[in-house]
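Colleague: This is what each chain is made of:
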Amino acid sequence: MDPGVLLQAALSGLANGAVVGLVALGFTLVAGTVRVLHLAHGDVVVAAVLTGVLGVLGTTPVAVALAPGAAVAFVVLVLAAGALLAAGVSLLAVRPHLPDPATGRAGDALGWVAGGVAAGLLLREGLALVLPQQGYAIPDPLRLDALTSSGVLSLPGGQVLPARVPAVLLLALLAGVLTERLLVRSRFGKALRAVADDPDAAALCGVPAKRVVLQAFLVAGLLAGLAGLLDAPGRTSLSVDAGVVLGLAGIAAALLGGLGSPRGALLGGLAVGLVQSLVVTALDARFTDVVPLALLVVLLAVRPEGLRRRTTVLA
Amino acid sequence: MSLVELAQALWLLVAALGLALSVSYAGLPVLGQGAFVALGGVGTALLGPGGAGLPLGLAVLVSVAGAAAAGNLVARGSSRLEGAYLALATWALAWLVHRVLTAFPSVFGGEQGLVRPSPARIVSPTLGLELTLGAGLHVVVAGATCLTVMLCLSRLDAGPAGRDLAALREGPALATSLGVPVAARRRTVLTVTAALGALSGAGTAVLLGLVAPADVSPLLSLQLFVAVLVGGTARWWGPVLGVALLSSLPSLADALATGAGLAPERVRGALTAALLLAAVTLRGPVGRRLARPAGTFTRAAHDPAVPDSPPDGQPVLLHAHGVGVSYGAVRALTDSEIVLRAGEVHALVGPNGSGKSTLLKVLAGDLRPEAGQVEVHGAPHGGGTRQRVLAGVARTPQRTVVLPRSTPEQQTAIGVPRQRGTVVRHLLATPSSRDATSRRRRLVQAALRHAGVAHVAHQDPRSLTVGEQRLLQVARVVATGAQVLLLDEPAAGMTAAERTRLAQVLRALARNGSAVLLVEHDMRLVSTVADRVTVLDQGRVIAGGTAEQVRADPAVRRAYLGSPR
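Top to bottom, those sequences are chains A and B.
Position 95, counted from 1, in the first sequence is what the numbering used here calls 95; the numbers after and before it change by one each time, with no gaps.
Position 499, counted from 1, in the second sequence is what the numbering used here calls 1499; the numbers after and before it change by one each time, with no gaps.
Please note: incorrect hints may appear among the correct ones.
Said to hold, decoys possible - If you anchor each label on the Cβ, the simulated ranges turn out as follows:
#1 A:88 - B:1322: 50 to 60 Å
#2 A:103 - B:1110: 49 to 59 Å
#3 A:99 - B:1384: 20 to 30 Å
#4 B:1111 - A:174: 35 to 45 Å
#5 A:184 - B:1552: 46 to 56 Å
#6 A:99 - B:1327: 17 to 27 Å
#7 B:1136 - A:102: 50 to 60 Å
#8 A:3 - B:1004: 54 to 64 Å
#9 B:1260 - A:62: 21 to 31 Å
#10 B:1252 - A:157: 54 to 64 Å
#11 B:1173 - A:103: 16 to 26 Å
To be clear, the hints were calculated from the coordinates, so they are not data collected in a lab.
Cβ atoms here follow ideal geometry from the backbone N, Cα and C, with glycine treated the same way.
I would like the entire structure built from these sequences, with the hints used as guidance.
Modeller: Listed below in structure tokens is the structure:
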């Protein structure tokens, strides 16, 4: 393969992968804290972006460059929507099915699995009722394309790369690594690990277990919003249903890096993005969705514990 | 409702009934029945007339077999995982199949799907058969399939397979410890589910002459899941109700959509989501109200007494020696030895953290030791839990496991060993299956009597006292026919009277030739009931002998009371 094409594929793959890594980080955060697979996570990503679109541009959006004020409003709205939607999913679809030491209720995995899937479906179909088109072009509030005057970078071999690709890669990696450090160092991270190890014991030590779980969902939602902000403007158009595959790609990344490991989730995301991009470049763009889905199915069948030998919980 | 619509609903019911086997009966959260429906439909369209040109029947058969194999593979892959991961795996499969169907229009026809008008008549020269392939024939075939599956499900649930399924659903870990091959049962269940899903897909494809990705999308998977959940757990009529609801969904959605000027497919999706959320949220409360363990066994007319036979020469049944286990850097057991003889009650005692539970796990085959060997009936035995149970060594769990929906009698029946093909024979109600049923019943009765819980055999398990639940655990283990019974703290939470009862039960079991290993803290109970005592401390056997000898041993005093300073 031409080195320019390869470099182009690798860089866009890594940028996509860094975004997938943010999604995976949120997923692994929830899974590590409360042993729940957050199956609506990908839908939260897309729903957060579309909520921003609805709030700033209305139901018939056009992809125009946003004025500075509108751009700030868009960013804030998307991040807030991500956090609030994730918290909503947590309260509505997950918490009723978690074990509750106060009432002696046993956990019900079938309940939160179905609840999560239903919440995701509700987000998709609910948004599709107000945004009925196949897809929408999303404006970029961060104007990452404006980093170079032409909007592209030249690569050896006459290839070009959208200027936003390296910017997305850097921003997503930065956010991911910062969050990972925060989880390892902060009091919040310590509380998460305490709840992950033993919710009852954590509660006895004065850690408000229920609130910590909700906070895990909130942080995951924030990361989902950020992932959406970085990812959606790069797509030709964003469809309401795009979140499912993005979420499942995130799950594949989280499993690949060992469920519960933030660093593993980030690295897993990069790997998933890279493999996807290389396969698509070598074969066909039609494999875009097929690759992460097939990867997840195979991973679950063959090596669900991931590539790392031992998984550490949230550290 | 037109004949075509009726046939379509009946084919959908076939898929729902197949899914009910996994979800309601075996408690497996399968979110990808739509994928198997798609495999059946697309396979038939690609292989049959208009595609590769195979005869229609053969094309259907091959697609169903292919989907069944896929279901088996999914179960095989996720057999090591908790239920939630099976949900994830099947959900991912549903999306993978859907995306593959839309991504390769040259093969699968893209959004329009594969259009394969089916032949108007089926002619089979070999069978001398000629049938008009209309909606009427579909109604007959699909209806007959549904009836057959429903009959099989209700009959299965009442028989030995029902016990296994209940155990799979309510306590997989317990089922394993009683020798039920959980992974194999899961594979069978998921294979049947996939096959019925594919049959449904094939039938629908032939009926409509069309397979479009939108009709076999992940939304279908969720709708079928809702249909099954709506009916609640373990009732064959549940899916009928669910599918009836599902069939009325499109017209309801269309009415709502035209009323509000919205896209009908999206309204359908939103309604499905709302239904799913409602079904999941209401499942708990409604299920608790409806949950009444259904007693299907009738009381045996007479109970032939099991003779008390004296132990002949007290042969060694189980011998573990040189056993070493470590968890990371912590050495849990070092060079430990224990001998269990027929006809004895053997107590294993020691302070907390001394390695009692670890040794029990090694003996029961739950844990493979790093060093040493376990010999059963004099021969080295390296198998896992299930093989150990088959060899006659079974254990109770330390914490009581309550299966809330099965009577004590049904729970005891879980562990009764059975021959290959029992389920099929029961399904066909052969004379030998009736003999087997009465033999099982006698074994269960005897086990319940031995454990002293025969009087509560038909009660709601949640109404049992702690002591009765502990004794029920003993009954479940006795019913496996194991001669070596490993009991993990059976007296925990028992009243004094219940402890006396337990002591009598243990003595009686030993009199009948069993070797009973008792892990226990209560030294009073130990000294009244145990023939021999083995003391563990810090992962080593520090003393062994009768209760008297052990109590006098200075090493034991040190371990329990600390060394004098």
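Colleague: Is the distance from the Cβ of residue 1260 of chain B to the Cβ of residue 62 of chain A consistent with 21 to 31 Å?
Modeller: This hint holds: roughly 25 Å between Cβ atoms.
Colleague: Determine whether the Cβ-Cβ distance between residue 99 of chain A and residue 1327 of chain B falls within the hinted range of 17 to 27 Å.
Modeller: holds (25 Å)
Colleague: How does the Cβ-Cβ distance of residue 1173 of chain B and residue 103 of chain A compare with 16 to 26 Å: does it lie in that range?
Modeller: holds (23 Å)
Colleague: Taking the Cβ atom of residue 99 of chain A and the Cβ atom of residue 1384 of chain B, is their distance within the range 20 to 30 Å?
Modeller: holds (28 Å)
Colleague: So the hint says 54 to 64 Å: do the beta-carbon atoms of residue 3 of chain A and residue 1004 of chain B match that?
Modeller: Given a distance of about 59 Å, which is inside 54 to 64 Å, the answer is holds.
Colleague: Falls inside 49 to 59 Å, the C-beta gap from residue 103 of chain A to residue 1110 of chain B?
Modeller: Distance hint for residue 103 of chain A, residue 1110 of chain B holds at roughly 52 Å.
Colleague: Quick check: does the Cβ-Cβ distance between residue 88 of chain A and residue 1322 of chain B fall within 50 to 60 Å?
Modeller: holds (58 Å)
Colleague: For the hint 50 to 60 Å, verify it against the beta carbon of residue 1136 of chain B and that of residue 102 of chain A.
Modeller: holds (58 Å)
Colleague: Using the C-beta atoms of residue 184 of chain A and residue 1552 of chain B, is the stated range 46 to 56 Å upheld?
Modeller: holds (54 Å)
Colleague: Does the Cβ-Cβ separation between residue 1111 of chain B and residue 174 of chain A fall within 35 to 45 Å?
Modeller: Holds, at about 40 Å.
Colleague: Could you say whether the range 54 to 64 Å given as a hint is met by the Cβ separation of residue 1252 of chain B and residue 157 of chain A?
Modeller: Given a distance of about 57 Å, which is inside 54 to 64 Å, the answer is holds.
Every hint, counting from the list given before, is met by this structure.
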